[in-house]
Amino acid sequence: MDDFTKFIHSGKLAPLKKWGTKWSLWPVHLVTACCGAELAHAFASGYDGERIGALNYGIARQTNFIIVEGAITRKMARVLRITWEQMPDPKFVIVMGACGLNGGIFWNGYNLVKPSEVVPVEFFIPGCPPTPEALLRGIRQLQKKLETGEAESSVDFYDLRLQKGKIPKMLPKSPKRISENPLIIVNRAKEVDWAFGKELCEKLKALKLESVVITAKNRIAVKVSESNLKETAIELKKLGFDHVKSVNVIDVPAENKFIVEYHISSYSNKDLMPVIVNLFTEIPRKEAKVSSLADIFPSADYMEREMHDFFGVEFKGNPWKGKFLLAPDTPEFPLRKDFKLQEEIYVGD
Amino acid sequence: MKEIPIEVPVEPPKELESLFLPIPKEYVEEVYKKDEFLILVGPQHPGSGHMRLIVRVKGDIIQEVIPDPGYVHRSMEKLAENRLYIQNIPLVERPAIMDSANLNLGYVRAIESALDLEVPERAKYLRTILAELCRIGTHLYDAAILAVFLGHTTGFMYPFGIRELICEALVRMTGVRFTSSFIIPGGIRRDVDKATLDWLYSATFAIEKRLKSFERIFIRNPTVIARLKDVGVLSKQEAIEFGVVGPFLRASGVEYDVRKVEPYEAYDNVDWEIVVADEGDSYSRFLVRVNEVAQSLRIIRQCIADLPQGRVINEQICDSPEIRGEFFDRLADLVLPLGEFTTLTEAARGSVIYTLVSDGESNVTYRLRIVTPGWLYLRGFMESLKGERLADLQAIYGSFGYFPPEADR
Chain Y
1 MDDFTKFIHS GKLAPLKKWG TKWSLWPVHL VTACCGAELA HAFASGYDGE RIGALNYGIA
61 RQTNFIIVEG AITRKMARVL RITWEQMPDP KFVIVMGACG LNGGIFWNGY NLVKPSEVVP
121 VEFFIPGCPP TPEALLRGIR QLQKKLETGE AESSVDFYDL RLQKGKIPKM LPKSPKRISE
181 NPLIIVNRAK EVDWAFGKEL CEKLKALKLE SVVITAKNRI AVKVSESNLK ETAIELKKLG
241 FDHVKSVNVI DVPAENKFIV EYHISSYSNK DLMPVIVNLF TEIPRKEAKV SSLADIFPSA
301 DYMEREMHDF FGVEFKGNPW KGKFLLAPDT PEFPLRKDFK LQEEIYVGD
Chain G
1 MKEIPIEVPV EPPKELESLF LPIPKEYVEE VYKKDEFLIL VGPQHPGSGH MRLIVRVKGD
61 IIQEVIPDPG YVHRSMEKLA ENRLYIQNIP LVERPAIMDS ANLNLGYVRA IESALDLEVP
121 ERAKYLRTIL AELCRIGTHL YDAAILAVFL GHTTGFMYPF GIRELICEAL VRMTGVRFTS
181 SFIIPGGIRR DVDKATLDWL YSATFAIEKR LKSFERIFIR NPTVIARLKD VGVLSKQEAI
241 EFGVVGPFLR ASGVEYDVRK VEPYEAYDNV DWEIVVADEG DSYSRFLVRV NEVAQSLRII
301 RQCIADLPQG RVINEQICDS PEIRGEFFDR LADLVLPLGE FTTLTEAARG SVIYTLVSDG
361 ESNVTYRLRI VTPGWLYLRG FMESLKGERL ADLQAIYGSF GYFPPEADR
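Which chain is which? The protein sequence lines are Y and G, in order.
1 is the number of the first residue of the first sequence in the working numbering; add one for each residue after it.
1 is the number of the first residue of the second sequence in the working numbering; add one for each residue after it.
To be clear, the hints were calculated from the coordinates, so they are not data collected in a lab.
Just so we're clear, the structure is a prediction, and the values are computed from it rather than from any experiment.
Glycine included, every Cβ here is placed at the ideal spot set by N, Cα and C.
Honestly, I wouldn't trust all of these hints.
What the hints assert, rightly or not - Going by beta-carbon spacing under 7 Å, a handful of chain G positions derived as facing chain Y:
#	residue
1	TRP272
2	VAL364
3	ARG379
4	PRO405
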């Protein structure tokens, strides 16, 4: 520490510096998750956070304060660290939201990081999401800490402990019941009063399909073999279906297969608008390859990339290689059933 | 003008690896050879939520945009496979908390369609009111963020001032400002009393009045019109091809609204119109949402006026008039029949799709597929940027109201 820094910190003008820092806590824009909505409220006309000297600013180089708004994912953790390193000293971090504190509702997710492991954190503001009042109180606490040098909690928690002799003998069990050998049928037939659907089914049956089933009103499930998938999609496009609403993969390890589904619907044909055709095929789990429909329905492109990230299913013909949604260090194929998450513990102590 | 290719011996930056670009090295080299630029917009940028856009520009004309989403991917689909059906209700409304009622409603309707559960009329109307309140709130939120993107701070303050009224209404009805988890299988958690509804009825007029001054300050502002008009045009054909949803699809001239196409709750009992525009540019995308707010206010007023009396939860779920105190006992052991159940719901930013797959034995979801509107219109958003100037990127971004937590789930 050179003389100048020493003078700034403990010289005659030190109180002035403290006072200046206290009233110019400028948070950088780092809307990491949904708590950003409450942050916006805190700095808008309703609560007016600017009156205590804090105002969001765009560039990290000219700010000294980060409000981590909720969940930090693996991808975002790196950004948080880089942003923090770019800021000049002295700098402070407060975390709002339960996700940033301990994971919150996503505590056992595969993509979550605790912000306190990435950057040093001064205060946590619990809540999901915390109210603007709570956020502003957090900023006030930080100002108090800057002024007095001591951190204190603004909430008193009661110290509750299980008393001796009151521990129940029957410990609560997990309410979850999970089937050992689950049976998965995505095209279970249902009787519905839907004349147009029956007509449409007749039309579809003329194509080379394995089965056509009405699963509910406005929902038709069409099963095809993998080799016929593309052909059927072209035929469906000729019938007036023009976009994909969802691409879905279901992992069935019990039967050693993946079910790949395309939910196809129409915007241009008024009669077909409410209809969703579930075009699905089954592929073996070991050689998970299926032909991509991205060239027929461009709307399926990003969702195919996502499914490749989640399940490792290769979509032949989709030019994207590598990860799209997940971070480079996320576990491989996390949505497969053999990737297990940490279980909740139902016994407290 | 004839282009003369110049062979310039330039090399891509050495620190390329540390940027973790999702694109191959060859792509970057190709851009460098062609005398074009790659501009990384984000992840830390002064907008709403975070994502990275890898923008390839020639001069300042955007040639191609590659999105790099996933900065707010919180593994919702995997978590849903490890929880009870009712434990997923708070989970599924987290993608966009300002739009919680709509996202919640979609999931609950998937459970109800599986169980063939009837919802009492009063609950249907109250659900509609909640859904429309959240729709107004989200449209105002997006309008405010658009204003920030354009550098119009007053335009940010006004909608958030109005949003306080929405939050107050949600607090009076459900108890919390954002994430209420109020809609449950078979109905809603609590009945709403008459005093609250009367307050809400008069609040709709207060909102309308404040919107008029917002219109004068921001919507009809010539600067705003100059920034947004004829920028980021998506034609009808393109919008259909890339599967754009919600108000952004309607702004391109497609008359598609799930509330009309496949009516749910009380939408076929009330009188309202689909808002459609033909231009498909940023300004019409904004105007469609502004007009939808007026329609939503109209729906809320009708719902309050025609609100039927009666129960708010199905008798099969719970005998007493409210589920207060017995929520877990009644609903924890919910088992859905074997099969797949897909519901389509119109959230504020477009259709949200829930696909529930059940094995018929477990009380835990086998697979829950959530496709949020943000994820569906991302492709159309990227296409609409092509051929625009780099300075217009933020205006188009704002006009789509793209909210990464919602898209990444």
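Can we keep the VAL364(G) interface hint, with Cβ of chain Y closer than 7 Å? holds (5 Å)
Using the nearest Cβ pair, does ARG379(G) come within less than 7 Å of chain Y? Hint holds; ARG379(G) Cβ to chain Y Cβ min 6 Å, cut 7 Å.
Per-residue hint verdict: TRP272(G), partner chain Y, C-beta under 7 Å: violated (18 Å)
Against chain Y, is PRO405(G) within 7 Å by beta-carbon distance? holds (5 Å)
In the structure shown, a violation is registered for the earlier hint numbered 1 alone.
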